[in-house]
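Student: Single-letter residue listing:
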Amino acid sequence: MNSLIGYAAYVPAGRLARQAITQALGFGGGGGTRAVAAYDEDSTTLAVEAARRALNQYDYTPTGIWLATTTPPYLDKTNATAVHAALNLGPDVAAADVIGSVRSGLAAVEAAAALGGMAVLTDLRDGVPGSNEEATAGDGAVALLFGNDEEAIAVRLASSTSTGEFLDRWRVPGERHSQVWEERFGEIAYAEHVTSAWHRALEAAGLTAGDLDHVVVTGLHTRGTAHAVRSLGIDPATLVPNRIDSVGNTGTSHWALMFADALDRARPQEIIAVVTLSDGCHVQLWRVTADIGRGRAALPVQDTISSGSRHVDYPRFLSWRGYLARESPRRPEPERPAAPPSRRMAGWKYGFNASADESGFVHMPPARVSLHTGSIDAMTPVSMAGRQGRIATFTVDRLAYSMSPPVVAAVIDFEGGGRFPCELTDVDAESLAIGDTVEMTFRRLYSQGGVHNYFWKARPVAAETAKGGAQR
Amino acid sequence: MTSNGIRDKVAIVGMGCTRFGERWDAGVDDMLIESSTAAVDSAGLKLGDVDAFWLGTMGSGVSGLTLSRPLKLGYKPVSRLENMCATGSDAFRNAAYAVASGAFDAVMAIGVEKLKDSGYSGLVVSTPAGDGTAPPLTAPAMFSLLDPAYRAKYGVSEQDMREVLTRIAWKNHRNGALNPRAQFRKEIAPETITQATKIAGNLGVFDCSGVADGSAAAILVRAEDAYKYTDKPLFLKAVSLVAGPGRGPLDPSYDYTSFDEVTWSARQAYQQAGITDPRAEIAMAEVHDCFTPTELVLMEDLGFSQRGSGWKDVLSGAFDRDGELPVNPDGGLKSFGHPIGASGLRMLFECWLQLRGEAGERQIATVASGRTKALTQNLGGQPGACVSFVSIVGSELDPGA
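The listed protein sequences derive, respectively, from chains A and B.
Just so it is clear: in the first sequence, position 340 is 340 by the working numbering, and no numbers are missing.
Just so it is clear: in the second sequence, position 396 is 1396 by the working numbering, and no numbers are missing.
Hints are computed from structural coordinates only; laboratory data are not their basis.
A few of these clues could be false.
[As the list claims (entries may be wrong)] Output of the computed footprint for chain B on chain A, the stretches with three or more beta carbons under 8 Å from beta carbons of chain B:
(1) 326-335
(2) 343-351
(3) 393-402
(4) 413-426
Cβ atoms here follow ideal geometry from the backbone N, Cα and C, with glycine treated the same way.
Build out the structure end to end from the sequences listed, making use of the hints.
Tutor: In structure tokens, the structure reads:
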């Protein structure tokens, strides 16, 4: 069960130029960009996106989902169950959250490695406007699939941990931002853990630093991480780029993003080391197998990064993150979704499953009575989430409530049958045309009364590869 | 399906209609008192002479008490009903059937809506607890879907379409300017309409009907009794209401250039009234111009224009007040305003005035030239999933009907 059999990364399409922060505030910001989840994305939807990419590629039914995040949309209620439902997994598939710190992601991986299943590491990271934290953070999710050795693309040679209790960063529940102690303190506090975990891992695997082909070193402590890179005798040529310049540090998922990046390029038998600093240090050593060639992610990390072409201006970023209240239309706020109908319609709401009558006519949402034949309860379920569709007609609603007006909506005709009018996302309304191809993506429509309303939206298929799309 | 109709069995002998608009001065009760009093007055009746009542309101009150309490009706049957934007028309339809059945001698259909007190823009409809997956679109957005679909199907350029929609808004504002009861009593220059801020899709603020408060009422009696109450009754020739199966948002073969429900209800109404060429036979039509593209599509669904040529007929002025077939001579929902529960009865009120020659400055010439019938069409819902009502009234009894 210790083996990695697949992986997929998702970096949301939005990019904030750090210069925009500097220009707006007169301080903060810097160079490059950070990845920005859209207003309708949260750590759960990012996780769904990464997990869907993985499950679309690999012939794999997870036995469990281990969801790790420091930014859970819910407490007390499991977040992994929404991911589970969006993936249409059976009730016998376990789903659990591992919430709290970057270490939680490592625990999710240890659980998946030990028990089988999929670890999904996901975060939306934030900071006070103008802070270094805000500028260097990023959003993203990675799914790692564990299974039998025969199908492995990488096997883990060693995993070692050094645990320490010290105040590096912390956040009281309910607060938005981490606090951090003076960086120089953490640099020293981390150093002994890094050395300890590193040497134990190498010893356990019977390797030396010179045997390593790709080395991932990351953590939210910038100085501690830099110190680790300097102190471990790592060949700079083997260092996996940290992608801070384009994506930012994605917290829980960041080491996995860099690991995935290394897997995208690694050759059979190469060794990948992963050093993660968080309340101590965790070191993993992986050997890439001969199957890496057929098992690489269909969408490499580099591609999911460079497809992020949706420019997000700083006021919009602040508004999406809740720092800047905006005048909303003079319209009532949407209703909180009710629990009983949401449960009755879970296959539709989360799984995007329609129903087809005996003639094959698809009903969205699923219906009991056929529009065409009038037959009752002669339906079979149809999975629609993976189908593309075409725009039959569309509109831009400047009056409707939205977390990021205006609402763009279209009537979608799906390949293989089925029609549904729904919201579009990651879209430039000006470039829309009847006949455009769209695909479905799981999003958070809005939150009301403390309930997050998850459902599906359509997005233009070309959106991820289009260049220079302007966000409005 | 069977739809036998009640041609010439029921007559309208009195009507009343309040001023529509931002009625900060009046509550629901005030407007109900105003329209019901005007209606019984015009029939020469007292409120106590009315045997039964049908009250249409989408959300300005529940139950018959909404009417019986302010009017202090003494233990009379009062039904309150709702059928989205066709609510007022459906109150009228049910009242007509009650008279036709012989159950009552004189009944009232009355509609009311108080929309402006909510403080919101546009129409606000409360929905039952749901799973949160219904598309969040507002009414203008749903009806704006007609525009690109119509253009694509018939090869109409965006610029030509804009001209068509502007023409419809311009016409209805121009008609409403002559209507003392209308919400908006001002002619609007075509440039102003065209350049207005967009609300949804290509629809600007002038492409949308007015959100209004208002009430309208009608007194119905058996046709044979009509002349006891008035010299100029209107006889009900046809009345049809259909609710569709919601095909549009479900069926890829629906193309957003027509309302099936309107086609069905129009066909039934024409059959009941014995009309074969509506554009030539009727004097006027009051149609549900909730948004300008709706009126365009209705011209084709009601058989006033051939499919795909409605836009040309609009531009040629065929439906202007002085055109071949005046449509919405009172200003329509566009400028008269759209208090949901009252609108269907307001449409009948204009037929009442025009066919009786009492429309004053906006009196249409088709009546003087001998046409005696008028049509109302009222719909609720969205393109592809709506209820549609069509009625035909006439100032004369048809021989042998």
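Student: Against this structure, judge whether each hint is valid.
Tutor: We went through each hint and held it up to the structure:
1. Three residues within the 8 Å Cβ limit are the bar, and the region 326-335 of chain A against chain B gives 6, so the coverage statement holds.
2. With 4 residues having a beta carbon nearer than 8 Å to a beta carbon of chain B, the region 343-351 of chain A meets the requirement of three or more and the stated coverage holds.
3. With a threshold of 8 Å between beta carbons, the proposed coverage of the region 393-402 of chain A by chain B holds, since 10 of its residues qualify and at least three are required.
4. For the region 413-426 of chain A, the stated coverage by chain B holds: 8 residues have a C-beta nearer than 8 Å to a C-beta of that chain, and at least 3 were required.
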